[in-house]
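> From first to last, the protein sequence lines stand for chains A and B. Mapped onto numbering that gives the first Met the number 0, the consecutive letters of the first sequence carry residue numbers 0 to 134. Mapped onto numbering that gives the first Met the number 0, the consecutive letters of the second sequence carry residue numbers 0 to 134.
There may be inaccurate statements among the hints.
For identical chains, the list gives no copy identity; a pair is met inside one copy or between any two copies.
[What the hints assert, rightly or not] List of simulated lysine to any residue pairs, SDA-like, C-alpha gap at most 20 Å:
hint	residue 1	residue 2
1	Lys51	Thr83
2	Lys1	Ala36
3	Lys51	Asp102
4	Lys42	Arg63
5	Lys1	Asp101
6	Lys42	Gln62
7	Lys42	Pro69
The hints are simulated quantities; they were obtained by calculation from the structure and are not laboratory data.
Now for the letters of each chain:
Protein chains: 2
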Amino acid sequence: MKSFATTVARPFDEVERRVRAALREQGFGVLTEIDIAATLHDKLGVDRPPLKILGACNPHFAQRALEIDPSVSLVLPCNVALETTGDGATRVAIVDPRALMDDPAFSSLAGEAAEALRSVVKSLGVDEDPGLHDR
Amino acid sequence: MKSFATTVARPFDEVERRVRAALREQGFGVLTEIDIAATLHDKLGVDRPPLKILGACNPHFAQRALEIDPSVSLVLPCNVALETTGDGATRVAIVDPRALMDDPAFSSLAGEAAEALRSVVKSLGVDEDPGLHDR
Numbered sequence: 000m001k002s003f004a005t006t007v008a009r010p011f012d013e014v015e016r017r018v019r020a021a022l023r024e025q026g027f028g029v030l031t032e033i034d035i036a037a038t039l040h041d042k043l044g045v046d047r048p049p050l051k052i053l054g055a056c057n058p059h060f061a062q063r064a065l066e067i068d069p070s071v072s073l074v075l076p077c078n079v080a081l082e083t084t085g086d087g088a089t090r091v092a093i094v095d096p097r098a099l100m101d102d103p104a105f106s107s108l109a110g111e112a113a114e115a116l117r118s119v120v121k122s123l124g125v126d127e128d129p130g131l132h133d134r
Numbered sequence: 000m001k002s003f004a005t006t007v008a009r010p011f012d013e014v015e016r017r018v019r020a021a022l023r024e025q026g027f028g029v030l031t032e033i034d035i036a037a038t039l040h041d042k043l044g045v046d047r048p049p050l051k052i053l054g055a056c057n058p059h060f061a062q063r064a065l066e067i068d069p070s071v072s073l074v075l076p077c078n079v080a081l082e083t084t085g086d087g088a089t090r091v092a093i094v095d096p097r098a099l100m101d102d103p104a105f106s107s108l109a110g111e112a113a114e115a116l117r118s119v120v121k122s123l124g125v126d127e128d129p130g131l132h133d134r
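Full structure from sequences and hints, please.
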């Protein structure tokens, strides 16, 4: 799945705060939060490095998307994945909405949403190209 | 986005309870819940029929998927969309995990997850073909 991604050489909690602030600046609220590492520990006893998924949604974009095709509810909200890397840095990846809404009817809207989410990643300070990644 | 879907001629709350029970039976917990109608009303003052997105996750499937490719976190959990139709029935659509995990490395796992989610829709009593829908 295509994403905008970067790795920031700062601890997880600090990067999460910066991601949330940058999303807010682009009009995205965080509607959901899943601590995957904690969930897998609780349910399966599996230990893994920190991994959290934030569900980001800009209500203006969501409303326009639902007007185009209500089935967009199958791919809302946009996932923002935060994980600790081996060297203690934090990787942030945000799904590219153009990959989720690939119907041509969404192209203008998905392009605007992609630009906003790319700005979020860019604002974090870039250790890698904030362009498209295939993971 | 491909989905398994059905329409049940029962009220929203009752169908939601049945969906949650059927998901549990297939090993899926509901990790997130977004009341889209309430969110759009709060943020934009827009009134629309009830629409809720449940984020369903089977920890065994999730763990296996993360072992195959950690970037699967960009598409977790599986969305279950519930909405009231014009005639007061409730439509349930569950995203087909094969559409989210289209890399061949996921094909066996995505197929198993799809079968489980298709069972959820089938168990609701079927007013339409529980096979693949393109919305």
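> Now tell me if each hint is right for this structure.
The hints, checked one at a time:
In this homomeric assembly, Lys51 and Thr83 come within 20 Å of each other (Cα to Cα) only inside a single copy, at 10 Å, whereas the closest approach across copies is 31 Å. Proximity of Lys1 and Ala36 under a CA criterion of 20 Å is satisfied in neither setting, with 23 Å inside one chain copy and 28 Å between copies. Taking CA atoms no more than 20 Å apart as the test, Lys51 paired with Asp102 passes in neither setting, with 29 Å inside one copy and 22 Å between copies. For a Cα distance limit of 20 Å, the shortest separation of Lys42 from Arg63 across copies, 13 Å, qualifies, whereas the shortest one inside one copy, 37 Å, does not.
In the homo-oligomer, the alpha carbons of Lys1 and Asp101 lie at most 20 Å apart both inside one protomer (12 Å) and across protomers (12 Å), since each shortest distance falls under that limit. Only between protomers do Lys42 and Gln62 lie at most 20 Å apart by alpha-carbon distance; the minimum there is 10 Å, versus 35 Å within a single protomer. In the homo-oligomer, the alpha carbons of Lys42 and Pro69 lie at most 20 Å apart only across protomers (18 Å), although the nearest pairing inside one protomer, at 33 Å, exceeds that limit.
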